[in-house]
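Protein chains in written order, with full-length UniProt numbering: chain R, 1 to 399; chain H, 1 to 399; chain G, 1 to 399; chain V, 1 to 399.
Be aware that one or more of the hints could be misleading.
No copy labels: a pair is met if it fits in one copy or bridges any two.
Unchecked claim - No farther apart than 27 Å at their CA atoms in a straight line, the calculated lysine-lysine pairs in the BS3-like style are these:
no. : residue 1 : residue 2
1   : Lys-399   : Lys-85
2   : Lys-85    : Lys-225
3   : Lys-24    : Lys-378
4   : Lys-378   : Lys-154
5   : Lys-281   : Lys-85
6   : Lys-225   : Lys-154
7   : Lys-399   : Lys-100
8   : Lys-100   : Lys-378
9   : Lys-399   : Lys-225
10  : Lys-100   : Lys-225
11  : Lys-85    : Lys-199
12  : Lys-24    : Lys-281
13  : Lys-199   : Lys-281
14  : Lys-378   : Lys-399
15  : Lys-100   : Lys-24
Hints are computed from structural coordinates only; laboratory data are not their basis.
Spelled out from the first residue to the last, the chains are:
There are 4 protein chains.
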Amino acid sequence: MTARVVLAYSGGLDTSVAIPYLAKMTGGEVVAVSLDLGQGGEDMESVRQRALDCGAVESIVIDARDEFAEEYCLPTIKANGMYMKQYPLVSAISRPLIVKHLVQAAEEHGGTHVSHGCTGKGNDQVRFEVGFRNTNPDLEIIAPARDYAWTRDKAIAFAEEIDLPIEQSKSSPFSIDQNVWGRAVETGFLEDLWNPPTKDLYAYTEDPSLGNAPDELIISFEGGKPVAIDGRPVTVLEAIEELNRRGGAQGVGRLDMVEDRLVGIKSREIYEAPGAMVLIKAHEALEDVTVERELARYKRLIDARWSEEVYDGLWFGPLKRSLDAFIDSTQEHVTGDIRLVLHAGTITVNGRRSNHSLYDFNLATYDTGDTFDQTSAKGFVELHGLSSKIANRRDREAK
Amino acid sequence: MTARVVLAYSGGLDTSVAIPYLAKMTGGEVVAVSLDLGQGGEDMESVRQRALDCGAVESIVIDARDEFAEEYCLPTIKANGMYMKQYPLVSAISRPLIVKHLVQAAEEHGGTHVSHGCTGKGNDQVRFEVGFRNTNPDLEIIAPARDYAWTRDKAIAFAEEIDLPIEQSKSSPFSIDQNVWGRAVETGFLEDLWNPPTKDLYAYTEDPSLGNAPDELIISFEGGKPVAIDGRPVTVLEAIEELNRRGGAQGVGRLDMVEDRLVGIKSREIYEAPGAMVLIKAHEALEDVTVERELARYKRLIDARWSEEVYDGLWFGPLKRSLDAFIDSTQEHVTGDIRLVLHAGTITVNGRRSNHSLYDFNLATYDTGDTFDQTSAKGFVELHGLSSKIANRRDREAK
Amino acid sequence: MTARVVLAYSGGLDTSVAIPYLAKMTGGEVVAVSLDLGQGGEDMESVRQRALDCGAVESIVIDARDEFAEEYCLPTIKANGMYMKQYPLVSAISRPLIVKHLVQAAEEHGGTHVSHGCTGKGNDQVRFEVGFRNTNPDLEIIAPARDYAWTRDKAIAFAEEIDLPIEQSKSSPFSIDQNVWGRAVETGFLEDLWNPPTKDLYAYTEDPSLGNAPDELIISFEGGKPVAIDGRPVTVLEAIEELNRRGGAQGVGRLDMVEDRLVGIKSREIYEAPGAMVLIKAHEALEDVTVERELARYKRLIDARWSEEVYDGLWFGPLKRSLDAFIDSTQEHVTGDIRLVLHAGTITVNGRRSNHSLYDFNLATYDTGDTFDQTSAKGFVELHGLSSKIANRRDREAK
Amino acid sequence: MTARVVLAYSGGLDTSVAIPYLAKMTGGEVVAVSLDLGQGGEDMESVRQRALDCGAVESIVIDARDEFAEEYCLPTIKANGMYMKQYPLVSAISRPLIVKHLVQAAEEHGGTHVSHGCTGKGNDQVRFEVGFRNTNPDLEIIAPARDYAWTRDKAIAFAEEIDLPIEQSKSSPFSIDQNVWGRAVETGFLEDLWNPPTKDLYAYTEDPSLGNAPDELIISFEGGKPVAIDGRPVTVLEAIEELNRRGGAQGVGRLDMVEDRLVGIKSREIYEAPGAMVLIKAHEALEDVTVERELARYKRLIDARWSEEVYDGLWFGPLKRSLDAFIDSTQEHVTGDIRLVLHAGTITVNGRRSNHSLYDFNLATYDTGDTFDQTSAKGFVELHGLSSKIANRRDREAK
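Pulled out of the complex, with its shape left as it was, chain R reads as follows (with noise of 0.2 Å):
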């Protein structure tokens, strides 16, 4: 059978230049999928033709934005889903979505391989390859890359030598992954931990000092789903947008980390997230009103294992399914507005309301109307601390 070789491709030099070197090392042929995530940039059609023109046999691009948004950026949002308390897995959960399409269009076209474009010490080739394992495992999988040592050098002296139609792109220093929930960024000079991050390295966000007039706004959830800004009901993709507009505006959503990659070493990464960071805030602090003291305790755990197995490539796997189960379960009454102000680089909370709300006026007030029964603690206070009493009275007499 002849290889047919479905490979995710991006537009740009290297995934061009795979194309006519994967029909080569395989002897077949290559279907392009390129996905709109709301990466931006250029025309998805303008990719899609350049696929063709490097010698795909068929070039398909998606606009799975919404899709993105809906089923990938929500349970993100649903879950806190941050990894180290502080990634919101910008590039993490962008990849089983491609993983998906690439199996379906490999389905539908003959598809014999998949190929993706990842080097052997990222965390992106295991969320591919895993992924793909997950969901067909029939497909063999190619990463030029990390299997043949593929690099942009040696792209480049292949397209000339093969006298590829594509323009030459001016080296960047920078390795960037991005879509509407975020934006990725490497670069050989942060390899050093004690440098800076420099201001051409920022594209969704301002300068968090330019002193910008704060902005103020009121985001309404509905079951743990962002429903409406300043009142104007929005799909999820319509709210990350306009919060990766206004957010970015105020140099919110940057991120500087040295981060425990899956392959056991640890990198040093900038994001930018304005979005995703505003959203993530405002479910929190709404959950903070409407979720139970233990639910929430606990639940803090489950979001943490969740972030630790999107972040791991486990996507598909059964434990991110039943942590899944968990987390709808707590998010029917996370319903109601928050209201933050973004300004100079914060976010910062400053109101809620929700006929879901958990905290009860009476019960809390110090003033007239307090309901809450005094009398009940002195016996809550001596059982509650009854065990601890009892081993520190065992501890000091056993000495």
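Once you've looked at the hints, dock chains H, G and V against the given chain R.
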């Protein structure tokens, strides 16, 4: 035996009037104990004298600032102690230290009772009383505000009745607790969750939108302990004080949250803790560089549980001690420098360096010098995803 | 309004005498509610009549055996519910069902109060009262044993005083709670932890050392639910009953433990629960075959937390519901047969088969047919251990 | 430099033939290292001599029995180490000790390589190699069974080819690993999960149905360590050996399980570990009496994670060390006596006594002497259930 009540004395109206009141209610004597925890305000000698003027048979003042910083704030730094991911336990860690000194005073001065001024619907009554029961269960506890419904109005009436030599302060709308680690404010106006905080609430922090020039600083840690700022050696207390000043000037460290109290209700709280937040953020950033991935993941769970235990008044409990043992064992190599910029309410880490770093440039770099063996990745990915691959295959076949 | 007390009525002396006592204390009427949970003993019609004889204005008897098995025992099987790894929650899961029926009876019969016979130092008062508060907080609660220090001696004296038509049973040294899921016994003799249980304590199980011939059986599950024994279809109730008989005949299901009560003390408890233990053991063995590793590891944590929540009286709490959502999502494929041998107190699993198995003979075998690609292992091992390798190198160098 | 391979040498056919094979493959020399871990069988001097006969340039035999018991089995007792709640880590804890001695031998005898006989689909390769990498990453690793597909048939053919002076043992259908802590058996017949184990599989335990008279014994612990049996002082090694004998005679300690291997597959395993199971059961029963509730609940999570880390080959990892710190801090008061009966495969605890007990007779008793203040309970119940009461009210109102 004549009652001898050892009272946690703040110098304010309520506890001042409580001195003759407790004497009357018990038919005994009152020993006042006041701690300097860096709360500022009045000098401690005036506080000491006022207790005597109000009828205390002993009035003891203790400068506990360094003890508080070293033995209560420092463990909180090591545990990245944040209740509900955001509140640095300002009041929660001061109560056990007050307990310790009250019990010591009772044991030295023949105390039969200990007393605090907390109500029956807050957390602090629990922290005080569980603390007393855990460290000396023979002492009886009197909580006049809860057990005798002792209010400010009653206190004022009683002061007039017995002609107590105390100035009646103007009634403040704020209920405040503060120490060097931070400041907590509650007020009736904020019991409506939709009301934003007003500017007069704040005392430790300037308005973040003032537009001060950014402040870049370097914090050095040894074994998890802050030991220098910008190269100048500091004690933990000095570190907190300096960062309160510098962070406060930038509006850093404000928090507006709805909190899950131990007694089962939600309440609105405003906190300011610039030093605490800067130190914990820096400490976390250094852990990201110096603590191994699996340990770091598990430590986040331990940190969260530690924060809950301390919040819940179980500082002296056996679980807290074993969590400390875990945490202490992780800090040996949390040594190095973190560079941050404080500005307009934000804390931005932008550099880290450490001789104990686990970051390996040669494994991380994509440039020359790369020593990462990418051929390992293929097998890793295969087995990392094998169990979920088998599960997904079963799921498809079982349908 | 006249008080109408809905009483959890067992038919025994204490709750019988409580009928006129509660009427007297409240100046109102008493409605008796009795549940058949498979506890055996007296027929329920006699119980019903006795309540009327003692003065109840209504006496309601409910056959709740199937409801208990399907909605309380079955979730416990799915959660492998064992408090402190050993106690299958015999009393803990019956209380919420009694609460449900008491509240329903109160709502149907105009009840103003609900009442139970528990003391103030056990767990069951908590389970009852938290249950009442969670499902109908308008009902007032009366707990005569705790609130009025109502004891057996007082009950007997009161019965004589009002000439109540009730036989005075011989005072039993045992305090017993039993239902189809198991039996709990406390007795003064065992309050010395060094005393071994005596033979007369047991009623559900024979002496394991009797030497009966081993009993081999096959339990079939569908989606985590026991559906057949030795090929004969069974309801959950029938499964428990049959395994109580067969397990009990082999002395299986005895437990002698020191338990951490919710009220802060440790207590000695003797349990018998042959059916429960056989079913949970079989269920766990089937999960070992049908649940993926990472999900299984996490489910063990969830199971333990579920057991604590249920033990702690929080059956109706929001965390319990979300834990159920997690657990339910794991059970879809827990389908298949488990073969066990019951003998002399032991339950030995010795065979399992399932169309939903994740065991893959071809991957597991060391014989011909092996499809496991061992070349993957080298890379896996390398990266699996990389982060700790780097950490150990740092530790050596930092010394 | 000439290769010098330090080989984990068992004395069996495979590793015997591996000596000349490794010498040939590397062009170097082989140093054989054999550990006595209480596995019994052949005397160690014969093993030592055989390695020399097969061409080893050095043959080192180490009596590591006490070291194994004190530094590997004892931490497992303290952690109640059971993978998947049932497997006491028989092979898992022996590998790191073998690693330690192989690395020491390599460092003392100029070794350049370390070698083990494991295949590429088991856990032990991971434990060995992660151990080597963690303790001395400069040593190269050779795993002939995995890397050269070195099988028993090839070994026999090679032995004949080079005329090796070794008796060819009859091919056993069993793959066995054993030491004083237990015995693991795999065999083709059991790869069908429905097949029950046959009697000839067992060597450490008698048939439990033999009908021996029950054996009652008392195990004394100090700080979590077994120190006496029936009043006679024992070392940890002696405790394990005696309980292997006495437990084995009663058929105690057999296990038939399907196990989740680290490499992603499920496998069927038979274990015998009478001493291990008796000691862990007794240790847990003593913890139930001497460890405070909240600490005990959390320790169960820590124990489970410890067991996973050790199973997963991360004995030398930083998380394992911090889990040890937690566990060690809990053992100070795990001191006292546990009485058990061993009979027909069961371990029954029926008595416990301790000067460090947290059981308080006066709080627990329902008889005279009761000091528990039941009036505390009402308030406790009220606040314990308050947050879920509020949540349920909200749920009803929000519908």
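*Hints not upheld, ascending by number*: 1, 6, 12, 14
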